Structures are given as structure tokens and as C-alpha cells.
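From first to last, the protein sequence lines are chains A and B.
One gets this note's numbering by counting positions in the first sequence from 1 and adding 173 to each.
One gets this note's numbering by counting positions in the second sequence from 1 and adding 1 to each.
Simulated from the structure, these hints should not be mistaken for laboratory data.
Since we're looking at a predicted model, the values are computed, not measured.
One or more of the hints may lead you astray.
[What the hints assert, rightly or not] Under 10 angstroms between C-beta atoms, here's a sample of chain B residues computed to sit facing chain A: (1) Y32; (2) Y34; (3) Q45; (4) Y49; (5) T82; (6) G83; (7) A86; (8) F89; (9) T101; (10) F102; (11) S104; (12) L108.
Using N, Cα and C, we set each Cβ at its ideal position, and we do this for glycine too.
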Amino acid sequence: KAGVTQTPRYLIKTRGQQVTLSCSPISGHRSVSWYQQTPGQGLQFLFEYFSETQRNKGNFPGRFSGRQFSNSRSEMNVSTLELGDSALYLCASSLNSPDSATTGGVFFGSGTQLSVL
Amino acid sequence: GEDVEQSLFLSVREGDSSVINCTYTDSSSTYLYWYKQEPGAGLQLLTYIFSNMDMKQDQRLTVLLNKKDKHLSLRIADTQTGDSAIYFCAETDTGRRALTFGSGTRLQVQP
Numbered sequence: 174k175a176g177v178t179q180t181p182r183y184l185i186k187t188r189g190q191q192v193t194l195s196c197s198p199i200s201g202h203r204s205v206s207w208y209q210q211t212p213g214q215g216l217q218f219l220f221e222y223f224s225e226t227q228r229n230k231g232n233f234p235g236r237f238s239g240r241q242f243s244n245s246r247s248e249m250n251v252s253t254l255e256l257g258d259s260a261l262y263l264c265a266s267s268l269n270s271p272d273s274a275t276t277g278g279v280f281f282g283s284g285t286q287l288s289v290l
Numbered sequence: 002g003e004d005v006e007q008s009l010f011l012s013v014r015e016g017d018s019s020v021i022n023c024t025y026t027d028s029s030s031t032y033l034y035w036y037k038q039e040p041g042a043g044l045q046l047l048t049y050i051f052s053n054m055d056m057k058q059d060q061r062l063t064v065l066l067n068k069k070d071k072h073l074s075l076r077i078a079d080t081q082t083g084d085s086a087i088y089f090c091a092e093t094d095t096g097r098r099a100l101t102f103g104s105g106t107r108l109q110v111q112p
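Taking the hints into account, I'd like the entire structure generated from these sequences.
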């Protein structure tokens, strides 16, 4: 069974640009979450989607957005990039919500390393 | 709000047991996770435990949960050099739909 797939693996952008990151969850998983990892702030929750609905959002500005498609694949978008957006963006998938008794574990992809110059 | 704390660094010799500790503040935490991250990689799920359990064992890994003290530990038996990585503890609660992570413990295994 394939794991969580994130593309692209690396991305270099300049300030002011926008970027779209993609995530394909494990087959059958309906919950997709996104996290930002930086050396200074650690791992921080961005948002969670289930059946195309955003059910929770972390404390990030509106420049960060996402969506989930009917096949559970998800994308996140960051507009008007800032230097501080440089980070490893991780996607996670689970059968159900991470807080559900039937979640069966939360599995992460390899991440997209975004560098903003 | 929720907070998860871990010690920053642990050094052990190959073949010894490693114990990585984690404390959390949310008394209603229901699910607790351990992840491993190697350089340049994503998070690898090692194991998870529900709050109604005290212990979970999976091959070389043993997780102990003390709900009264809000303390979680991960024991790695017969630690190998390939176990060198950063280990993250994470917790969540019903309705939160997100994991709250600790800052990670860097495990260094010396040959």
C-alpha cells in the first residue's frame, strides 16, 4: 500500500509569489491534515480536511489556504510569500479524524521543503 | 492551551535501552503518538496509545502512559545506530482534529 505522497519535494520561490503544494493520502484515508515545521517554531498545525470540508484551522494568516478534492487528495496554497514561510510542509492522512477512536494512526508524507528567497 | 514537553537530547551506547520522556498538560488528552524523524525526511509513525491504556509493546518499542502525572515514555530496547534520529511525542483530544507536538528529543547512539 502506497504511503502519503507529497509533491514537489523541494520548491524555491521569491517573496510575493504564491505556491501550491499537493498531497495524496493513503488509499481509503479520508482525513488530510497539514503541518508546518520550522527550526524555531517546531511542528504547527495548519488545517484538517475530511470529505472536502475544512473542520479545523490552526493559527495562521489567511494567506494560507487549502482544499480537499472528492478523491481525498489535498492541496495547500500560500499566497504573497514571506521569508518566514520557509519551512518543511508536512501532510498527514488517517482513516478518520486524528482524534477518532477509529483513526488507525496518523501517517505523514516526506514533506515539501519550501525556501523563500 | 495544550502543551507537550520533551527533553532536547539523549545519548546512549549501542545495545543499551533508550528511554525518551514526554509530559503533556491537557488532562483530556485521549490519543498519544510517537514519531521518528531522520534528517531530511518526514515523520515516521512508531506507535500510538489510547488514554485508556497503560502500556503498549511493539517489538523493541514499549510505551508507558501515566495519566495521573500526564507522563508518556518510549523505551527502545537494544538501541542501534539506525535509531539515531529525532523523536516526537504528540497528543490530541476528541474534537480537536489536530496533533500537538513536543519539540522533539534528539537521540544519539554511540557505537
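Closer than 10 angstroms between Cβ atoms is the bar; does B/L108 clear it against chain A? Give me holds or violated. This hint is violated: B/L108 lies away from chain A, its Cβ roughly 17 angstroms from the closest one there, beyond 10 angstroms.
Per-residue hint verdict: B/T101, partner chain A, C-beta under 10 angstroms: This hint holds: B/T101 lies near chain A, its Cβ roughly 7 angstroms from the closest one there, short of 10 angstroms.
Would the hint on B/S104 be counted as holding, given a Cβ-Cβ threshold of 10 angstroms to chain A? Holds. Min distance 5 angstroms.
Just to be careful: measuring from the Cβ of B/T82 to every Cβ in chain A, is the smallest value less than 10 angstroms? At about 22 angstroms, which exceeds the 10 angstroms cut-off, the nearest Cβ of chain A leaves the hint on B/T82 violated.
Restraint satisfaction for B/F102 [CB to CB of chain A, less than 10 angstroms]: holds, 4 angstroms
Minimum Cβ distance from B/Y49 to chain A below 10 angstroms? holds, 6 angstroms
With 10 angstroms as the cut and Cβ atoms as the points, is B/Y32 at the interface with chain A? This interface hint holds because 6 angstroms falls under the 10 angstroms limit.
Status of the hint placing B/A86 at chain A (closest C-beta pair under 10 angstroms): violated, 14 angstroms
Report holds or violated for the interface hint on B/Q45, using the least CB-CB distance to chain A and a cut-off of 10 angstroms. The hint holds - B/Q45 has a Cβ within 10 angstroms of chain A, the shortest such distance being about 8 angstroms.
When the least beta-carbon distance from B/Y34 to chain A is tested against 10 angstroms, hint result: holds, 7 angstroms
Would you check whether B/F89 satisfies its interface hint, that is, whether its CB is within less than 10 angstroms of any CB in chain A? holds, 7 angstroms
Evaluation of the interface hint that places B/G83 against chain A, nearest CB under 10 angstroms: violated, 18 angstroms
In summary, the structure is inconsistent with hints 5, 6, 7, 12 from the numbered list given earlier, while agreeing with the others.
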